[in-house]
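Each chain is listed here by its residues.
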Amino acid sequence: MNYSETLIDHFRNPRNAGMMRDPDGVGEDTFDGCGDLARFYLRVVDGRVDDVRFQTYGCGPTIAASSAGSELAAGRAVSDLLSLSEQDVIAAVGGLPDERLHAAQIVAGAIRAAARDFLSRRSAPSGMKQHV
Amino acid sequence: MNRRVYLDHNASTQVHPEVVAAMLPYFGERFGNASSVHSFGREAREGLEIAREQIADFLRVGKEEVAFTSGGTESDNLAIKGVAGTRGAGHIITSEIEHHAVLRTCQFLESQGFAVTYLPVDSDGLVVPDAVRSAIRPDTILITIMHANSEVGTIQPAEAIGRIARERGIPFHVDAVQTFGKIPIDLEAFGIDLLSFSSHKIYGPKGVAGLYIRKGIKMVSVQHGGEHERRRRAGTENVSGIVGFGKAVEIRSREMDTEAVRLTALRNRFWDGVRARVPEVRLNGHPTRRLPGTLNMCFRHVESESIVLGLDLKGVGVSAGSACTSGNVEPSYVLVAMGVPLDWAMGSVRATLGRENTDEDIDYVLAVLPPLVERIRKLSPAAVS
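Line by line, the protein sequences give chains H and Y.
Count the first sequence with this note's numbering and you get residues 1 to 132, in order.
Count the second sequence with this note's numbering and you get residues 1 to 385, in order.
What the hints contain is simulated information worked out from the structure, not anything from laboratory work.
Here the structure is a predicted model, which means the values were calculated and not measured.
Think of the CB as a built atom: it goes at the ideal place given N, C-alpha and C, for glycine as much as any other residue.
One should not assume that every hint holds.
Claimed, not checked - Derived DEER-like restraints, expressed as beta-carbon distance ranges:
1. Y:E110 / H:G94: 41 to 49 angstroms
2. Y:F27 / H:A91: 45 to 53 angstroms
3. Y:S111 / H:S120: 47 to 55 angstroms
With these hints in hand, go ahead and build the complete structure from the sequences.
Here it is as structure tokens:
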């Protein structure tokens, strides 16, 4: 299967890989068809993503899409991430073959879930950790 | 530039230079149709019949018992549908881990009213001969069990199964695409009536294969047309391919035994090296009763396609046990049938060695594979949590 140079670069040198202790928001998404899983952690300062980390189980494209997705999330307003689309991730990873579109789907889904988690924590009653 | 190491010989092999040389005249001055009566046709016919003799000698059977086809899939279809067609109805015994060429042919016959028993295998991938005996019904018309599985390489007890088939007078078909030319096949001792075998797994060209049909076995043809191959397989023979196939078999007849010993040692060294360097890895298939060059491993918490891609980027060609089609990854049905747990089965990688592989190739793979697995595992939430 032919993959873009961008995808291969992200697969070889994933950016922002790893887990994060005490994140401000965490979200994950899975693809039932193949069991691929992406989990994103966000550290938020003044409503913007100050740090992002991901963990991924999946094929090469899913690992690469996670890395590319983390770069999309870094520095963005969390509220913007709620509308992050599969197409955004596909573009960031330099395109995906049709059979691997699930990679972008779960990465976008996991980032949106992490953003929602952060926003729901912020709006939650006192007692929860706040970073904004 | 990375070193390039091909470890996918169960998928296909590089055509042997002597095979290429033998084929070339049949693209040139010996281009004729083997059915033509003139000298051009006779020259093609001569090449065709020499190849048939080379293969018949190798199998120690009569020339008239060897029919050429376009591939292992066609040979399996011809054997199974050919026997089924003479009966019109009945029961077939096969196993759960057959190649799709057998499984889907059997499923098709089920749709036509035949009954099929798909026998399970044990954790090493072996069919239990007693299970074959128990599955036989009064209307059983065929037993079709592969000689060795392409994914894990487990070699089936063909002799014991053949003995049961012969006792009961039931035709016994063996898909030997992965064993022909790699390990000995004694058709008489194994009691085999039909044997599928292929060219491109043993350094011959693609698009040509054969079916051994024991004299006296009743068959109908599946492909209709001219009277080629003693009316068993219509269609102009792929003369250049068949000539190459014959040459490939001739070469295997002199190299097979020493190559089997060499590849078994190389494969074992590979596995010893992997398990010494990589934690949470398991071997799939029978520990010893296995194709010489086949090594199937599962790496826990890693999806096999990420290893295949990572090794590909290092110039190493292996295959994934799980295949992703339209985003739907199924673990290998062979590993599932063997009872391999899902979280292991998703990380299966098959390396299959061949005649051009060297100790240096294995050293190189042993240098690049462990850090790759470690790197991918570090990304995985399952491995961390």
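Structure-based check of each hint:
no., hint, result
1, Y:E110 / H:G94: 41 to 49 angstroms, "holds (45 angstroms)"
2, Y:F27 / H:A91: 45 to 53 angstroms, "holds (47 angstroms)"
3, Y:S111 / H:S120: 47 to 55 angstroms, "holds (52 angstroms)"
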